Amino acid sequence: MKKGLLVFLSLQLLFLTSCWDSNEIEDLGMIMGIGLDYNGEEKDVFSMTNQYVVPNNIEGTQTGSSGGIPYQNITLNGSNFFQIIRENSLETDRPPNYTHLKSVVFTERLLQQEPLKQLISFFLRDHEFRRTVAIFITKESAAEILAIEPTKEMFPAVQMKELTQNHNRSLYVQDTLKFGEVSKKITEGASFVIPEIGINNGRIRLLGAGIISNKTEKIVGWLTPEEIAGLKWVTDEVSGGLVAIKEKNSEEDQAVLEIMKASTTIEPEMKDGQLTVHLKVKSALRLAEDWEIKRDVFSEGWEEDLKKQGEKVVKEEIEHVITIAQEQQLDYLEFSTWTSIKQPAYWKKHHKEWERIFSQLPVTIDVDFTLTGYGTQDIN
Amino acid sequence: MNRRRFVRTSSLLEEQIKLEFHNSEDLKHKTIKLDGLTLTLLYLDDISDRMVIQKTILSPLLTIANEDTVISPSDIPDLIPLAAVNNIEDHSTISRHLMEGCTVLIARESNDHHVYSIKTTYSVKRSPDEPVNEPTISGPRDGFIECIQDNKALLRAHLKSSDLLFEQHLIGKDVVTSISITYLHGKASETLINEVRERVNQIEADYITDAGVLEQLLERNPLSVFPELTSTQHPTKVANALLEGRVALMTDGSPTVLIAPTTLNMLLQTPDDYYFKWIPASLIRLLSYFTALISVLLPGAYISLISFHHGLIPTSLAVSLSKTREGVPFPSVIEAFIMELTIEILREAGVRLPKPIGSTVSIVGAIVIGETAVSSGIVSPMMVMVISFTAICSFAIPNYQLSLALRTIRFFILFSAALLGVYGMLIAIFIVTTHLIKLRSFSTPYMEPFAPIHIKRWKDSFIRLYYRVGKRTGI
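Protein sequences appear in the order of chains A and B. Reminder that position 33 of the first sequence reads as 33 in the numbering used here, one-by-one numbering, no gaps. Remember, the numbering used here sits 1000 above the position in the second sequence when you count from 1.
Don't read these hints as lab results, they were simulated from the structure. Being a predicted model, the structure only gives us computed values, none of them experimental. The C-beta atom is built at its ideal place from N, Cα and C for all residues, glycine as well. Some hints could be false.
[Said to hold, decoys possible] Covered by chain A, per the in silico footprint, the following chain B stretches (three or more residues, Cβ under 8 Å):
1. 1305-1314
2. 1329-1337
3. 1408-1421
Build the full structure now, drawing on both the sequences and the hints.
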C-alpha cells in the first residue's frame, strides 16, 4: 500500500509538469530573416526587422489559400537586440522563433558605427540561432531588402541564402558566409569579406562584398564582383564559372572558357630570411563559346593560344586583388593561415607585425590551364 | 469430478456411471446375454459412430451368441475386429473414455468382470484449411484444426521422424483437457523439456478453453505485454521450431499450437522468408523490422517534433506543417489520441463484424477519417497520414501477438513524447529496451541473438543468409 502510494506520487512528478516546454508548431512566429539597421536616434540606436512566416497565406494544394504575401516584416527600434525581440511580443501573438532563421542582413551604416563582434554577440549566444545562418551586408536599408518580393522562393530571406548557393555557377558569387564562419574568423583575428546584397530593378541581386577589418571589426571597404572572382581564385573557392577572353583586343573575337575544375595552393617559402608566397593555380577548362571564325579545333595545338590568354586574364584578376589587399594592409586572402601552417617558426616570431609584412609580401603567381575540349560539337 | 470409490460389481458399476452422467439421455446402454456372460455396452450417443458400433461390436458378439460358443471375458478383444481395444483397469477413467466417444464394454461373469473401451469416435471436423490470420504466399497451406489427433497427424505428415515425441498431459479440475508436449528427441534440450513439463504440471485450472488460456497460465511475466510463447496454426512453422530444438504445446480443442521458448527475432519471421531467394527474403525481413520500429515510434516522434523540437524539421516542411495545422482546435497530442482511438475502434469493429458487413466499416472509416475529419478541420492532414501509416505498418507485422504488444507500447511512447518531447521518448525507449533485455522466455533471453550477442546466429535474424551447399541450415 505504502509502495503503491510512493509509485503514484513519483508518477505525479512526471504528469504534473503536463506538457512542459511544449509549443505547437502553428503557435510559433517562425522567423526567416532579420534585417539590422542603424537608427541613429539617441534612445533607440538600432532598428531590427523580423521576417515572420504567415502560414495562412502560403499557397498550397489545400483549398482556401488566399494569395496574400506569406511573410510579414515587423520593424522595431531599440537600444539592444534582445529588447527589440521581446518587444515584438507587443505586436504579434506568436512568439518569435529563430530555429529556422536563414539570413541576417546588416546595413552598411550599422557596420560603420558598431563593431561586428558586438553586433552578433547576441545571435551567437542564444541557442535558437543556428550557426548556419547566412550573413549579408547591404548599402541600402536592410528593411527595404527584406521587403522585396521574391520571384521564385516564398520568402526574401530564403532567396538570399539560396543565391549564394550558386557559387559554382559564377565566379562572382561568393559561397554562403555563415554565423559559424564569422565567429571563427573573429576568434582567429582575421579580416574577412561579407557578401553584399543589393536591389537591381526591384529584384534582389548579389553584388560584391564588404571588407571587415580585423582591427576595428567594422567595414572598411568594398570589393566589386570582378574582385570577388580574383579573391575566389586566391582562396581556392572556385568550383565553376567562366573565363572570358578578348582576343586580338577586339570585342568581336571573344572566346569564353568554362571552368570544369580548379584548385589553388598557397605556398609560403623562406629564402634568405625573406618570406615569399607562391600562388599556384591549376584549372581545367573547356571551350564554351567561340566567336573566332578561323579557329580549327581539329588541328593540333589549337588550344595553346586560348590557354595563354586565359591564364593572363586570371593572373591579372589575382594580381589586382592582392594589390588592393596589400594597400589596405588587410589580409583577407588567408595568407596568414597558410604561413602559420607551413612556416610556423617564422609565424611565431613575426605574427605581431604581420600587417606590415603582408603589405610588402612578394607574391609569385603561377596559373596553369588545361583545355580539355570544345564541348559536344564544333561547327567549323 | 468426484473421485468416488467404485464398487467392484458391474451392475453397480453401470449404475454408478449412469449416476455420474445424471441419467443423461444420450448415455445409451445395451445388454447382451451370452452363456454365463453378461455384456453391457455403454456409449454416448451423439459422439459415437453408431454404424461402427453396429458393425464391429454388436454383430460379431451376436454371431457368437448364436453359435453357443463358451467364451471368457478375456477373449473379447480378439472377437472385435478393431485395433483400438483397451482394457480399463482404473474404473474412474471410464467416464473420460465415454466422453472421448469410446464405447465401454463391461463383460461380467458370475463375480469377475472386465471393462474394455473401444474407439468408436464420431465427430464433426473442419478441413485443415489455411489459417486465416497467418496467410502465406507460397509454401504449405494446411493449418491446424480443433482436434488434437488430427493435429498430431498433420505434424507427423510434415515431420516424418521417429524422434518426434508426443507427451500427453491431462489438465483441468472440472473439465479435463488433454495437452501434448511435442518435441524432437535429441534436438530439444532436456532442461527445456523439464521446464515445460514442470510448468504444465503446476497448472491449476478448472477448464482450459483454448491455447491462449494455456499460454497465459504458462507465462512467468504476466505484467509484460510481450508474448512468452509464440502461437501459430501452421504445421510447417511448428516443424521448423521443433527442428530448432524448441518445444511445442498442443491443446485439444484449439487450432493454435504454442511454441516455447520465444524470441523477438522469431516473432518477426514468416515461413515465407525461407521459401524465396535470400536477397529478397532478407529485404523483406529488414522491412518487417523497420515496420515494427515505425509502428512503435512514428506517432511519438511526430508529436515531439511538432510540439517541442521545431528546429529539427526541415524549414520547408515546418512551414507547410504550420499551415496544415492552422485552425486545428486541439493540441497535437489530443489530435493524435483522437486519431489513434478512431483507428483502434475501426479495427476492432472490423474484427467483430461478420465478413460481408466488415467492408462497410472500412468504407465508413476511410470516408470519416480521410475526408471529413480533415475538411472539417478537426485533425490536420499530416496527422491523418502519420497515424494511418503507423496503422498500416502495424498490419505488416507478421505476428498478431507482437502486433498487439507493439500497439500497447505505441501509446506509452506517444504519451511520453507528449510529456517531454524527444527526451521523454528516449526515456520510454530506454524502459522498453531494458524490459526486453531482461525478459526471458523459458530461460532463453528474449532479445537473443542481439542481447546476449551471438553474431553467428545473425545470419537468420534481420537478414536471412543463403543456404550453403552440403550444410544443414537452421530451419
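Now the hints, each set against the structure:
no.	hint	verdict
1	1305-1314	holds (count 6)
2	1329-1337	holds (count 3)
3	1408-1421	holds (count 4)
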